[in-house]
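A.B. asks: The lines below spell out each chain.
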Amino acid sequence: MMKTGVKITLLLLVTTSITSLLLGTFIAVMRISRSRFLRACGTLYVEIFRNIPGLFWLLFFYFLFPELLPPEIGAKLNGYLYYPVVAGILGLTVDNASYVSDILRSGRLAIPHSQREAAISAGLSRMQQYFHVLLPQMYRAALPPLGTRMVHNFKNTSLCMAITAPELTWATQQIESLTFRGIEATALATLFYIALAGVMITLIVTLEKILKIDISSITHSRS
Amino acid sequence: MIKFINTNKWFNNRHILKNINLDIAKGEVIVICGPSGAGKSTLLRTINKLEQIDDGEIIVDGMYLSDPKTNLTSLRAEIGVVFQQFNLYPHKTALKNITLAPRKVRGLSKRQARERAIKLLERVGLTHRKDAYPVQMSGGEQQRVAIARSLAMEPKVMLFDEPTSALDPELINEVLDVMTSLAREGMTMVVVTHEIGFAQKVADRVVFMDEGEILEVGSPPDIFLNPKHPRTKEFMSKVFHIPVFGDAEEE
Ligand SMILES: Nc1ncnc2c1ncn2[C@@H]1O[C@H](COP(=O)(O)OP(=O)(O)O)[C@@H](O)[C@H]1O
Ligand SMILES: [Mg+2]
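These protein sequence lines are chains A and B, in that order.
Counted the way our numbering counts, the first sequence spans residues 1 to 223.
Counted the way our numbering counts, the second sequence spans residues 224 to 474.
These are calculated hints, taken from the structure and not from any lab test.
Note that the coordinates shown come from a computational prediction; the quantities given were computed from them, not determined experimentally.
For glycine and all other residues, C-beta sits at the position ideal for the given N, C-alpha and C.
The reader is advised that the hints may include incorrect statements.
[To be verified] Each computed DSBU-like pair below joins lysine-lysine, with the alpha-carbon atoms no more than 30 angstroms apart:
no., chain 1, residue 1, chain 2, residue 2
1, B, 342, A, 212
2, B, 379, B, 353
3, B, 241, B, 226
4, B, 226, A, 212
[To be verified] Computed footprint of chain A on chain B; a stretch qualifies when at least three of its residues, placed anywhere within it, have a C-beta under 8 angstroms from a C-beta of chain A:
no., region
5, 308-317
6, 321-334
With these hints in hand, go ahead and build the complete structure from the sequences.
C.D. replies: Here is the structure:
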């Protein structure tokens with residue numbers, strides 16, 4: 001049971017890190033776009049999703065979302081053994097994406113307008129400007145808070161126990177109530193969380209170092 | 224190649240470009256000078272529509288800028304711009320700075336773009352810096368990479384906005400040398416600069432601007448040594464008394 005728990009927690013972590021980064025990027029681009037309509041949509045998204053607790057979104061996707069879909073699809077989802085995990089992924093994604101988009105948007109503010117002018121003058125299309133010039137710099141500028149956010153998201157995976165996704169915290173609680181080995185299970189879970197958060201932080205710091213070499217001077221040879 | 228017809232521009236009710244008329248031939252090198260705030264940068268930036276004009280017309284290589292059907296992206300691909308602050312992409316090496324647009328806009332293969340970039344780096348004397356990031360380079364090196372980046376698109380026109388004003392004096396010549404050789408090869412160039420020596424050597428015509436107006440156009444000796452307009456006279460007498468011309472004006 002612990003093993004499944006670890007697997008599901010890792011699954012939630014990896015999937016939602018990627019999906020929330022993608023969705024967050026998309027929302028951030030909407031919020032800095034030229035179109036007032038897109039900007040308004042992006043802002044609305046952030047206001048809605050950031051001001052409502054993540055746990056609510058988990059419950060929403062678990063209980064309400066299937067009801068909102070056409071009955072056949074909803075029934076299928078409800079019957080699906082791993083639907084709690086799916087709902088967990090959806091809930092964590094929409095929640096985390098709102099923070100990610102905010103962080104990226106502030107990263108955009110760190111890029112001088114002259115970068116866009118250079119890209120425009122080179123004849124790059126708007127999409128190309130974003131992909132090759134703006135976004136790479138936005139991620140770099142936003143890396144430290146982005147990393148912290150991803151660790152938060154990792155911790156939030158434990159909220160999925162509320163919707164019976166069989167992740168680590170849920171597993172620990174099950175062991176606790178089914179056997180008398182709750183203390184061992186809790187201790188193991190604690191160690192796992194600490195270790196994985198440690199790994200994540202190390203990865204982020206390493207990435208920061210690599211990218212710093214990228215854009216700051218180490219082999220400074222002014223000739 | 225570039226034609227301004229009764230061009231006007233306002234910024235918040237301030238008249239920044241006043242009835243500009245100028246016809247720049249293919250292969251011509253035009254130097255624009257004038258005091259700070261004269262509208263030189265704005266004039267330059269209207270050519271690739273970084274700034275939009277409010278009135279009149281600009282025709283670049285047969286393309287009418289006010290025509291909504293003009294494809295801006297392909298217009299801009301034909302016009303190289305070199306900025307005062309270089310504006311290299313800080314997350315890319317010199318080589319990648321140069322290959323980006325040729326690959327994405329011109330559709331060159333990775334290998335073709337790389338070969339072209341290496342040739343251009345050789346031309347600006349920076350082959351050994353191809354893997355350096357902008358922060359690892361001196362201002363002069365960055366500006367030369369920026370010129371190579373523009374040339375990689377094989378533009379029909381090159382615009383320079385005070386390309387040496389942000390450089391330490393000892394680095395100015397390495398950039399001017401590249402520009403001079405470019406002019407000798409017949410590139411159409413519009414250069415905002417106060418490097419009188421450069422203008423004397425390569426400019427076909429010098430344009431003097433003040434307060435949004437073109438006050439005088441003429442050969443370098445005409446404008447620098449024999450100005451007609453009182454404000455040109457005043458400006459030139461000031462400029463010639465300042466030892467480092469490029470520092471006479473800051474953005
Ligand atoms: N984006 C802008 N918004 C408002 N005013 C501007 C803007 N850009 C330039 N100006 C004004 O237009 C005038 C001309 O500016 P500029 O073309 O940069 O002059 P120059 O390059 O000759 O120093 C200046 O008075 C400047 O303050
Ligand atoms: Mg200027």
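A.B. asks: None of the hints should be skipped; say for each whether it holds.
C.D. replies: Structure-based check of all given hints:
1. B/342 <-> A/212: holds, 29 angstroms
2. B/379 <-> B/353: Roughly 25 angstroms separates the two Cα atoms, so the pair holds.
3. B/241 <-> B/226: holds, 15 angstroms
4. B/226 <-> A/212: violated, 45 angstroms
5. 308-317: holds (count 6)
6. 321-334: holds (count 4)
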